[in-house]
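Undergrad: Read top to bottom, the protein sequences are chains C, G and B.
Position 99 of the first sequence, counted from 1, bears residue number 99 in our numbering, the numbering being contiguous throughout.
Position 83 of the second sequence, counted from 1, bears residue number 83 in our numbering, the numbering being contiguous throughout.
Position 111 of the third sequence, counted from 1, bears residue number 111 in our numbering, the numbering being contiguous throughout.
FYI, nobody ran anything at the bench for these hints, they're computed from the structure.
Check each hint, because a few of them may be wrong.
As the list claims (entries may be wrong) - Computed beta-carbon distance windows for the label pairs:
id, chain 1, residue 1, chain 2, residue 2, range
1, G, ALA188, B, LEU24, 22 to 32 Å
2, G, ILE186, C, TYR39, 29 to 39 Å
3, G, ILE186, B, LEU24, 24 to 34 Å
4, C, TYR169, G, PHE131, 29 to 39 Å
5, G, ARG18, C, PHE59, 19 to 29 Å
To be verified - Not everything, but these chain C residues come out facing chain G in the computed CB check (under 8 Å):
id, residue
6, ALA131
7, ILE200
8, HIS251
9, PRO257
10, LEU269
11, VAL328
What the hints assert, rightly or not - Here are a few chain C residues that sit away from chain G, every Cβ distance over 12 Å (derived from the structure):
id, residue
12, LEU320
13, SER340
14, ALA347
15, ASP369
16, GLY454
17, MET487
18, ALA496
Predicted model, so just to flag it, every value in this text is computed and none were measured.
C-beta atoms are modelled at their ideal positions from N, C-alpha and C, and glycine is treated no differently.
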Amino acid sequence: MSTHAGEVPEPYGRPGGPPPPERPTLPVREPVNYLNVSYGTKSWLLTVDHKRIALLYMFSITVMFAIGGIFATLIRLELLTPPGDMVQSETYNKLFTMHGVVMVFFFLIPSIPATLGNFLIPIMIGAKDLAFPRLNLLSWYIYIVGAVFTMYAMISGGVDTGWTFYVPYSTHYSNTHVIATGLGIFINGFSSILTGLNFIVTIHKMRAPGLTWWRLPLFVWAHYATSLIMVLGTPVIAVTVGMVALESGLHLGIFDPALGGDPILFQHLFWFYSHPAVYIMILPAMGVVSELVQGMSRKRIFGYSFVAISSLAIAMLGFLVWGHHMFVSGQSTYLGLVFSGISFLVAIPSAVKVFNWTATLYKGSISLDTPMLYALGFIGLFTIGGLTGLFLASLGLDVHLTDTYFIVAHFHYIMVGGAIMGYLGGLHYWWPKITGRLYPETWGRVSAIIVFFGFNLTFGPQFILGYLGMPRRYHYYPPEFQILHVMSSAGASILALGYLLPLVYFTWSMRYGPRASANPWDARGLEWEIPSPPPTENFVGQPVVTDRTYEYGSEEGTTVV
Amino acid sequence: MSSPSETPPVVAHHPALRHHFDTMATQKDSSLLGMWVFIAQEIMFFGGMLAAYAIYRNLYYDAFAAGSHHLDVKLGTINTAVLICSSLTMALGVHAAALGKRKATVLFLLLTIALGSVFLGIKVVEYADKFHHDLVPGPRYSAESLHGPHGEPLTADVALHSQLFFALYFGLTGLHALHMIIGVPIIAIMAWKAGHGRFGPAYYTPVEITGLYWHFVDIVWIFLFPLLYLIPHHA
Amino acid sequence: MPEHAADPHAEPHDHVVPVGTYILVFLALMVGTAVTVAASYVDLGIWNTPVAMLIAVTKAGLVVSFFMHLKYSPRLYWIWLGAAVFFLAHLLLGTGADFLGHLFLNLGSPGT
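Looking at chain C on its own, in the form it has when it is part of the complex (with noise of 0.2 Å):
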């Protein structure tokens, strides 16, 4: 029952130990993995393998990606020239708030953790599966039927709300299908809550012998973190948006000032969830980028114990500060004072992220490849939306900045420039794991070069235009704002075709792509150990874990940090 002795060097990667051996590249018959251990719909529709679930959201997380990415270009369109010549107000605001709610709720939150979360959390710690496996595919079950919802209420005629449906607006004024739209949301937040129970569970009982904390990979403990959001913050914001749609059909008086409901309640509910889902977002994609820098720089993460606990700091600390999003609704300004001091705190664990990243980078041995090159991107283009944060958590500042493109371009840089950049890296880095096929090195350095300056040519000019006063939600403006929309849909239609390359080339590859071998970066981690694609069982025998994570046989390898 031993799993693979003799194909991998133990202990591998010491400084004069035996290099890795070859292996083959092109194995005559390929041997029986889980994608070609069984064929047909039925059998990928109720599997119950988390590979294979993983490949089922990255599936429906690509198409929703698509939908959302088609509202963002009609709004780009629009924006092109001053006036409001080819979507009227109201379209346009069904526009931002379809491409809102589709981003954020069926794309952005699942991205990380439902894909690539769900296909190596359990290989990172050496376990056969997830601690529920059939409760997994429940949840993409239940994310398909939320997306339904919400699919019908935009080919009905769509939502016109914003994301944040905002009330008494959403509830008492707006007759588009704010119900559907609610109850699309209601039922995806438990696709997150049951998807997030899932990875603490096998976190904390299914790790291999010998795997302890601090011997856990940077990524399972990022999704740690980001679980704990998941389970402890989504509920908030069910039951929150449920209360709008029994507002909006029954008319309860629950947020309605007229019979005494506070709409300022409605937004510290819903900002209590939709803060920390913002680190839903992007600690996963930290996570991707911890193991990204030490992969591609050949080194072990400098202040590995820092970097795992500012994950669960930052996790803690973003429940703590959703006033921040409050500051001119009328909520009491000395409670906005703590929120904006407790909003500074959080830069520290984020920081201390950044500053270990680029520590880990020192005489390393770098290689720019692809997933280096996103990793790279996500490190510059967060800092840069970490910094603009700290502006708009300044009180008076955020006066000024407040509902205007300047959340627009920070809130990009976070999401897209960061969340999206750490998941298309993590899809390079592990895409050889993921279909066992090669992608084209060269086409993928040019999509992670394109994606780097066409985003910032889309939401680098934002700053401007929100700094010079230009309000957010508008489908016409001044014409002295023109040159810089131009320049942001030039960048936009740039950075469209960054991600249209990525769709082709991992299309191609599937199929015509070189066969990967079990470890093609000569990465360090479990799921390095296995072949590419991994059998259904993921480990022969049961794995057990001997040295810590990462020793990328670098000197600081074997100092105890």
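Given the coordinates of chain C, assemble chains G and B onto it according to the supplied hints.
TA: What follows is chains G and B alone, placed relative to chain C:
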């Protein structure tokens, strides 16, 4: 970092052991932890509505007291007692399952179902009363049957805000009742499985986590009862 | 599995609680209910609600500790329960502080 283990430990597999777990102990630990994490989630789920309750009760105390006084404290107390009894029978059911007493397990689980149904039945009677007095929030809502601390009719402001009390009363008790409606069939399945000898001292985790869920629902009611039924009028 | 080796609290939740304990807890819960109802008819001024909540917390503590076996369970369950209670408290505190700020500091009525 890793080395292959020599041979897997030879264990006689329990039929309920799923393939991705090594031992029954790990499987049980995982299920229990899963249920506790789920309960943590439930606390936050009720928490959103409790926050709304806390705010409005402090803003509109008189309206909440007037609404609360219309609720039937006698029925509420009986229901609290019924639910506590059902928690006891549930605990005894799990206890019997742990000792492998098949008949006792089934008996206690059936008793739990009966008590849960009594609770829901009384809830229906109470809801019907609210419908009868037009106290269901919505277009037909009317505060005419409510009165102040000395039996006087409510002022217009208090009457208006009393609807918030009933919105949250129905929201909170409805959410609680929904949890019970989900719980009863699950206990029924457990009773059926227990009757067919699926459980024993080595494996009764499903009964145990069903018990955890049921006790949690009981705890929610322990808080809802004083919050909703027992708001005193300010002297 | 690692938590078995490391965590001395891993096993005891197979601890079988004697039936007598269950009965005692049950009686305590019943008494608690009676006390709650009785206390609501006594005018304690602003203390009515705190007293009711204190009794409720005690009752919940009994159910959690004995019926749900938390007393005999791994520390991990406590941590998760505690995390939920902590964040719930923070939700109530944060939203409550906003409204208290408006009520007591005369900053105008909330929402305006």
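Undergrad: For each hint, tell me whether it holds in the structure or not.
TA: For each hint, the structure was consulted:
Between ALA188/G and LEU24/B, the C-beta spacing of about 29 Å keeps the proposed range 22 to 32 Å intact. For ILE186/G and TYR39/C, the hinted distance range of 29 to 39 Å is satisfied, since their beta carbons lie about 36 Å from each other. At about 28 Å, the beta-carbon gap between ILE186/G and LEU24/B stays in the expected band of 24 to 34 Å. Between TYR169/C and PHE131/G the CB atoms are about 31 Å apart, so this pair conforms to the stated range of 29 to 39 Å.
Judged by the Cβ atoms, the range 19 to 29 Å given for ARG18/G and PHE59/C holds: they are separated by roughly 27 Å. Evaluation of the ALA131/C hint against chain G yields a held restraint, the C-beta minimum of about 4 Å falling below 8 Å. A least Cβ separation of about 5 Å between ILE200/C and chain G falls short of the 8 Å threshold, and the interface hint therefore holds. Evaluation of the HIS251/C hint against chain G yields a held restraint, the C-beta minimum of about 7 Å falling below 8 Å.
Restraint check, PRO257/C versus chain G: the minimum CB separation of about 11 Å is more than 8 Å; hint violated. Contact between LEU269/C and chain G, as hinted, is supported at the beta carbon level, the nearest pair being about 5 Å apart and thus within 8 Å. With its C-beta approaching chain G no nearer than about 20 Å, VAL328/C sits outside the 8 Å limit, and its interface hint is violated. In this structure LEU320/C is separated from chain G by more than 12 Å, as the shortest Cβ-Cβ distance comes to about 15 Å.
For SER340/C, the shortest C-beta to C-beta distance to chain G comes to about 22 Å, beyond the 12 Å cut-off, and the non-interface label holds. For ALA347/C, the condition that its CB be more than 12 Å from all CB atoms of chain G holds, with the nearest at approximately 26 Å. Taking the minimum C-beta to C-beta distance to chain G, about 22 Å, the non-interface status of ASP369/C holds against the 12 Å cut. Look at GLY454/C: its CB is around 39 Å from the nearest CB on chain G, clear of 12 Å, so calling it non-interface holds up.
Chain G leaves MET487/C outside its interface by the beta-carbon criterion, the shortest separation being 42 Å against a cut-off of 12 Å. A cut-off of 12 Å between C-beta atoms confirms that ALA496/C is not in contact with chain G; the least separation is 38 Å.
Hint compliance for this structure: hints 9, 11 are not met, and every other hint is.
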